[in-house]
Amino acid sequence: MEAYVGGSAEAFSHLYRRISPSLMGYLLRLTRSRVRAEDLLQITFSKIHRARESYLKGAPVLPWALAIARRSFLDERRAAKSRSEELSPDGTLPEPPPVQEGTPNDVSVALERALDALPESYREAIQLTKISGLSIAEAASVLGATETAVKLRVHRGYNLLRKELERFARPA
Amino acid sequence: MSERDPLDDLPWPSPPTPCARVSGAIHQTCTKNLAGRSCKSAQRRTAVTLLIFAVVVGLFSWRAVAYDIPEGFIRTGLLGALGWSVVLTVTLLFGLASPPGRRPKRLVRVAIAALVPIVFFVYLTNTAAAHVAFGTFAQGASADHAVRCGAICFGVGALMSAGLMLLWRRTDPLTPGTSGALVGLVGGMGSALGMGVACPSHEAWHLCVSHGVVVASLVVLGAAAGRRLLAP
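For the record, the sequence lines run as chains C and A. In terms of this note's numbering, the first sequence has 32 at position 32, counting the first letter as 1, and numbering is strictly consecutive. In terms of this note's numbering, the second sequence has 147 at position 147, counting the first letter as 1, and numbering is strictly consecutive.
Treat the hints with caution; some may be incorrect.
Said to hold, decoys possible - Quick list of simulated restraints, FRET-style, between CB atoms: (1) A:K32 - C:R113: 39 to 47 Å; (2) C:S46 - A:N126: 48 to 56 Å; (3) A:H27 - C:G144: 54 to 62 Å; (4) C:A3 - A:P70: 22 to 30 Å; (5) A:L115 - C:G58: 51 to 59 Å; (6) C:G6 - A:D9: 40 to 48 Å; (7) A:D144 - C:R50: 16 to 24 Å; (8) C:S46 - A:T136: 53 to 61 Å; (9) A:W12 - C:E76: 21 to 29 Å; (10) A:P70 - C:R50: 31 to 39 Å; (11) C:S33 - A:P11: 32 to 40 Å.
What the hints assert, rightly or not - DSBU-like cross-link-like pairs, simulated, lysine-lysine; straight-line CA separation at most 30 Å: (12) A:K105 - C:K57; (13) C:K163 - A:K32; (14) A:K105 - C:K130; (15) A:K40 - C:K47; (16) C:K151 - A:K105; (17) A:K105 - C:K47.
It is worth saying that the hints were derived from the structure and are not from the lab. Model, not experiment: these values are computed from the prediction. Ideal placement from N, C-alpha and C gives every residue a C-beta, glycine not left out.
Use the sequences and the hints to build the structure in full.
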């Protein structure tokens, strides 16, 4: 990060390779839409670019970037709430995403579906700790919650995931 | 031996990579105008914050000397400012001097932002040279003086806080509200302690209303402004 602030384009490429998958995964989990996640990823990186001089030496980069991504998501959602429904380019109302039904035959698909079905707070906590690899303390700082609250969310999320995956393991 | 969670063995999805078009657009945006700059450390910003605090108190002291405030009052005010500068230094070192993610827990920092103004109120009531009933204070010239003094104190405090917000701008995406409250605390304390040197009134109600309330209100305003200004 410090080399990027110092003006190295190569350092930015390295930073991008390192943090963009985690940011993309997190945004995808929040938005459940690839297009929106990619838009938010661009917004997040442009904010990082603008704020690069304000980066305080020694701050862990991934939680710093994830917090910016989360804020971008919340801002976008707030703005979307105050907007009236937007029409598709062909003048019709956008269709809601299709509901996936039936029992998946692959455990990774089942896990994806079970993760998507979790309440947002549990989903976010599991995404940050289990998939992005943050510690509980780092996840708590990104979410603006206490460590106990994050542990509780992860635990409850795990219980829901376990129930869902048990149904997958023993289909009726 | 701890039991292994069967969920650990699940095929957790690996983080996806953005498409080439998006990656290209991001690279184009983020490698534009990449002139070499340096990121100032939190310690350096803390040092500048303390310097601004010292300058504000210094300017009020100069004004006190110019307006012939009794020497005893100036000495008391300066000793108070010196003592509180130690408290503020500890507050800054504890609350802002380490980078986000390595700072103490948010609860501790919120407690500091809430407790320091309360202790400051206790200090003000204890150092007051005179105590009158609120009814007496609220009527007549002393109330007018309190309003004038409070307005100056608030104005200087708001200016100082705004300057400090610029100094710490976009530095904290994790807890910008808490950091904003601490910045407001330093701005408010700088102004209130400086005003304590230059103000001729040492009546308890005057000190609390014109000096103490300014600190509390700037902490609240700082928390609100910090959410907007301190987050990238």
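Verification of the supplied hints:
In this structure the supplied range 39 to 47 Å holds for K32 of chain A paired with R113 of chain C, their Cβ-Cβ distance being about 40 Å. At roughly 52 Å, the beta carbons of S46 of chain C and N126 of chain A sit within the given window of 48 to 56 Å. With their beta carbons about 30 Å apart, H27 of chain A and G144 of chain C fall outside the hinted range of 54 to 62 Å. Separated by about 57 Å at the C-beta atoms, A3 of chain C and P70 of chain A break the suggested range of 22 to 30 Å.
Restraint check, L115 of chain A to G58 of chain C: a C-beta distance of roughly 27 Å breaks the suggested window 51 to 59 Å. Between G6 of chain C and D9 of chain A the C-beta distance comes to about 43 Å, which sits within the given range of 40 to 48 Å. At about 47 Å, the CB distance of D144 of chain A to R50 of chain C disagrees with the hint of 16 to 24 Å. Distance hint check for S46 of chain C and T136 of chain A: the Cβ-Cβ separation is about 59 Å, which falls inside the suggested range of 53 to 61 Å.
For the hinted restraint 21 to 29 Å between W12 of chain A and E76 of chain C, the CB-CB distance of approximately 26 Å keeps it satisfied. For the hinted restraint 31 to 39 Å between P70 of chain A and R50 of chain C, the CB-CB distance of approximately 51 Å leaves it violated. Between S33 of chain C and P11 of chain A the beta carbon distance is about 23 Å. The supplied range of 32 to 40 Å is therefore violated. For a cut-off of 30 Å, the pair hint linking K105 of chain A to K57 of chain C stands: about 19 Å separates their Cα positions.
Between K163 of chain C and K32 of chain A the alpha-carbon distance is near 49 Å, which puts this suggested pair outside the 30 Å criterion. Pair hint K105 of chain A plus K130 of chain C holds up; C-alpha atoms about 22 Å apart against a cutoff of 30 Å. Between K40 of chain A and K47 of chain C the CA atoms are separated by roughly 18 Å; this keeps the pair inside 30 Å, and the hint holds. For the hint linking K151 of chain C to K105 of chain A, the alpha-carbon distance of about 16 Å falls within 30 Å, and the restraint holds.
Of the pairs offered as hints, the one joining K105 of chain A and K47 of chain C holds, with about 25 Å between alpha carbons and a cut-off of 30 Å not exceeded.
Checked against the numbered hints listed earlier, the structure breaks hints 3, 4, 5, 7, 10, 11 and 13; every other hint is satisfied.
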